[in-house]
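Student: Take the sequence shown: its position 125, counted from the start at 1, is 129 in the working numbering, and no numbers get skipped.
Hints are computed from structural coordinates only; laboratory data are not their basis.
Ideal Cβ placement from N, Cα and C applies to all residues, glycine included.
It cannot be assumed that every hint is accurate.
[Said to hold, decoys possible] Quick list of in silico lysine-lysine cross-link-like pairs, DSSO-like style, CA-CA up to 27 Å:
hint	residue 1	residue 2
1	Lys133	Lys114
2	Lys105	Lys132
3	Lys124	Lys111
4	Lys131	Lys114
[Stated by the list, open to error] Pairwise CB distance ranges (calculated):
hint	residue 1	residue 2	range
5	Lys131	Ala53	30 to 36 Å
6	Pro110	Leu47	49 to 55 Å
7	Lys105	Asp75	16 to 22 Å
8	Lys105	Lys132	37 to 43 Å
9	Lys48	Ala102	51 to 57 Å
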Amino acid sequence: FETEYQSPEKSESPTDEPVADTPTLELTINNFNDFQQSVTNELKELRTALSALDEKTSMPEVVSGILSYIDKPEDRETFSKKAEEVVARGMTYAQADAFFKKSLAPKVYKSLASHPRLTKDFIRSIKKKFS
Numbered sequence: 005f006e007t008e009y010q011s012p013e014k015s016e017s018p019t020d021e022p023v024a025d026t027p028t029l030e031l032t033i034n035n036f037n038d039f040q041q042s043v044t045n046e047l048k049e050l051r052t053a054l055s056a057l058d059e060k061t062s063m064p065e066v067v068s069g070i071l072s073y074i075d076k077p078e079d080r081e082t083f084s085k086k087a088e089e090v091v092a093r094g095m096t097y098a099q100a101d102a103f104f105k106k107s108l109a110p111k112v113y114k115s116l117a118s119h120p121r122l123t124k125d126f127i128r129s130i131k132k133k134f135s
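Modelling step: build the complete structure from the supplied sequences, incorporating the hints.
Tutor: What follows is the structure, given as structure tokens:
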């Protein structure tokens with residue numbers, strides 16, 4: 005049996021096209037990796053710039069109705085959750101008032117008690133969301 009030996013530089017691919025030599029392939033891969041890293045870095049910079057721009061141009065949260073009488077955002081959130089619970093339980097306004105008195109901070113409850121109409125309006129708005 006006589007086999008013909010071909011050196012790697014002259015070997016051919018299954019499609020009969022010459023195979024790229026290793027140094028050229030490594031250079032191409034390195035160039036691609038550099039390009040990929042460059043694009044990744046630029047995307048990070050763009051995200052940072054967009055985030056900063058968003059902070060500068062975003063509108064402040066507008067708090068209206070009964071929530072405007074509650075100073076702390078966490079108290080507004082707590083009241084909103086309790087109001088949703090009132091609606092889910094199907095409480096009357098009198099029951100809701102007693103529930104709020106038991107479950108909210110005294111300062112928050114005082115704000116609600118001072119503005120019963122706004123409190124009822126808020127509860128109605130939640131009922132509409134659930135309908």
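Student: Using the beta carbons of lysine 48 and alanine 102, state whether their distance is inside 51 to 57 Å or not.
Tutor: holds, 53 Å
Student: Are the Cα positions of lysine 133 and lysine 114 separated by 27 Å at most?
Tutor: holds, 26 Å
Student: Compare the distance between the alpha carbons of lysine 105 and lysine 132 with 27 Å, and conclude whether the hinted pair is satisfied.
Tutor: holds, 24 Å
Student: Please verify whether lysine 131 and lysine 114 have alpha carbons no more than 27 Å apart.
Tutor: This hinted pair holds, its Cα atoms lying about 23 Å apart.
Student: Lying within 16 to 22 Å: is that true of the beta-carbon distance lysine 105 to aspartate 75?
Tutor: holds, 19 Å
Student: Is 30 to 36 Å a correct range for the gap between the Cβ atoms of lysine 131 and alanine 53?
Tutor: Since lysine 131 and alanine 53 have Cβ atoms about 43 Å apart, the given range 30 to 36 Å is violated.
Student: Between proline 110 and leucine 47, is the Cβ distance one that fits in 49 to 55 Å?
Tutor: holds, 50 Å
Student: Quick check: does the Cβ-Cβ distance between lysine 105 and lysine 132 fall within 37 to 43 Å?
Tutor: violated, 25 Å
Student: Would you mind confirming whether the straight-line C-alpha gap from lysine 124 to lysine 111 stays at or under 27 Å?
Tutor: holds, 18 Å
Hints 5, 8 from the earlier list are contradicted by this structure; the remaining hints agree with it.
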